[in-house]
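Asks: Chains as they are written, first to last, in this note's numbering: chain A, 1 to 258; chain B, 1 to 343.
If you are wondering where the hints come from, they were derived from the structure by calculation, not from laboratory data. Be aware that a few hints might be false.
As the list claims (entries may be wrong) - To give an idea of the chain A side of the interface with chain B (calculated C-beta under 8 Å), a few residues:
no., residue
1, L5
2, E7
3, R14
4, D85
5, T97
Claimed, not checked - Listed next, the stretches of chain B that the computed footprint assigns to chain A, with coverage defined by at least 3 CB atoms under 8 Å from CB atoms of chain A:
no., stretch
6, 143-150
7, 307-319
Computed from a predicted structure; not experimentally measured. Ideal Cβ placement from N, Cα and C applies to all residues, glycine included.
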Amino acid sequence: MLRFLEELWLLTGRSLKVTLREPWAVIPNIGISLFFLFVYNAGLSGIGQLPAFGGVPYLAFILPVALVSGSVGGAGAAGQALIRDLESRYFTKLRLTPVSRTALVMAPMLSGMIQLVAQTVLILLVALALGLKLPGGLLAAVGVVVLAAGWGLGFAGYAVGTALRSRSGRTAQAATFIFFPLLFLSDTFVPLTLIKAGWMRVAAHVNPTTYVFDAMRSLLAHGLVAAPLLRGLAAIVALAVVTLGFAVYTAQRTLRDA
Amino acid sequence: MATLAVLHGQDDSEQTRHSPAALGSGFALAAQGLRKRYGDGAEALCGVDFAVREGEIYGLLGPNGAGKSTAVQILTTLLLPTDGSAQVFGRDIVRDQDAVRRSIGVALQETGVDPLLTGSEALELQGRLYGATRRAARERAHELSGMLQLEDFAHRRIANYSGGMRRRLDLALGLVHRPRLLFLDEPTTGLDPLSRNALWDLVRTVRSESGTTVFLTTQYLEEADTLCDRIAILRAGTVVAEDTPSRLKRRMRRDVIELEPEDPAQLATLLRLVRRSQPSATLEREAVRVHVSHGATIAQELLAAAAGAGIALGGLRVAPPTLDDVFLELTREDGVTDTGEEA
Chain A
1 MLRFLEELWL LTGRSLKVTL REPWAVIPNI GISLFFLFVY NAGLSGIGQL
51 PAFGGVPYLA FILPVALVSG SVGGAGAAGQ ALIRDLESRY FTKLRLTPVS
101 RTALVMAPML SGMIQLVAQT VLILLVALAL GLKLPGGLLA AVGVVVLAAG
151 WGLGFAGYAV GTALRSRSGR TAQAATFIFF PLLFLSDTFV PLTLIKAGWM
201 RVAAHVNPTT YVFDAMRSLL AHGLVAAPLL RGLAAIVALA VVTLGFAVYT
251 AQRTLRDA
Chain B
1 MATLAVLHGQ DDSEQTRHSP AALGSGFALA AQGLRKRYGD GAEALCGVDF
51 AVREGEIYGL LGPNGAGKST AVQILTTLLL PTDGSAQVFG RDIVRDQDAV
101 RRSIGVALQE TGVDPLLTGS EALELQGRLY GATRRAARER AHELSGMLQL
151 EDFAHRRIAN YSGGMRRRLD LALGLVHRPR LLFLDEPTTG LDPLSRNALW
201 DLVRTVRSES GTTVFLTTQY LEEADTLCDR IAILRAGTVV AEDTPSRLKR
251 RMRRDVIELE PEDPAQLATL LRLVRRSQPS ATLEREAVRV HVSHGATIAQ
301 ELLAAAAGAG IALGGLRVAP PTLDDVFLEL TREDGVTDTG EEA
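Same shape as in the complex, but just chain A:
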């Protein structure tokens, strides 16, 4: 077990090191998240005065959209890191070492998670600078980071699984487009009560992102409230079980005989 953790740490460290050497692979993702935050907050904040928002400032309402888009992007980086290693064939070199196969696949995910947490903290700090109030205090902020990381982990499983399966940067990149329906077929800009299109309301109910948004919004506006938080965590666990299962299954198949 100790040996496994050491291997995981070595491989994750390597992954982070090379990510920092190519920062332009990461910066656009942070940029997009901050762009969402600025633009939607500046352009839409007036509607926060509608009664459906229940007095929650629009900044607190829209911030989770920036966080979730950032976490999905960060998780996609995990898949991209793996693709990079598959394409440079360094991954094959690592497979020849006696290193645990699990550590080989988990390292890019863990490295993606670490990037994602750093990114989430950065976006939160920017939001605080824009005037975000946190009635729930530090605990609520930590809760938001945990939700973002959990959601990112679920997405990382998907990204790593498709990377291993396709072994091609383009296919894996294309697979991340699932991000758009996940992010926007939801109560992304306004509460569900303000959404008039029936199909959109159905989609939002089915989309697990909705529950993550709601959990984050509840944390930001009211601090720890059990019901929305538990629904958000349940959505995350459900996604993570499916995608990590997919990643492990694909890894076992492709690592055994590739």
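Keeping the supplied structure of chain A fixed, place chain B upon it in accordance with the hints.
Replies: Structure of chain B alone, referenced to chain A:
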């Protein structure tokens, strides 16, 4: 190493048998009936047997598509065989992958190195992945950089390395954990002659200094000839011959003798004389040429005969057989197998 001394420069006539019973000691690597059929039905290996002795430099020689890469990938645990088995120092390559991975070092065409790392970082990480402490890994990285003349570039990113440097780094990565068995997949393909000779020297040094067994694949006959103690020739997924390079060459009865008379007018007389003992002799420009099994012996006889007939010779050439002849003969599509070993 005793086996090594025996193997060097001698033609031990003992035929290697690959039965598992013979594998108890002295063998670094052995394969029995190794088969690989890919998903599309293509059969890359059709039952390959061989055994590599400890301390030996063993070459798997074959043209493109013969199955060399598939064989190496199976033996290094990257691929699973469809059938058959193989052992590295007695450990099964399928059931005991971890132990196999620990005892082998590998420089494969199919692998690469992260171009964003520096050479020394890659070497250090490699050492630590095999369980070395940070300090030991750093020292070993330094040592190998020196040995493979990578010092000047050790702190540069691998993206900036030339082909030859990458190849040396690849070899260094394979040697980090001091493996008992080193796999080299076409180690000099694409290298210039100077780098190629340097790499051969390195392989010899590694073997002589640490007794490392070397298993290499190559499509270069010269490489197999000068570097390997024994070679197996692979054709379309089957080993068609396995022996020392010199024995394989002798088996082909391909020694060439050329006799050139001082006076070109005596060419016809000389040809008649040679044909008395060697009916297959031919006329080749200004000389009489004959293919024989033991060049030196026959040449002596022919020289004596020419002297007896009063023909003065202006030139004599006894050409050692080249491995090309063996290779071409054995890898021809209609494949006359001359080994008595394979169907």
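Asks: Kindly indicate which numbered hints from before are broken by the structure, ordering the numbers from low to high.
Replies: 1, 6, 7
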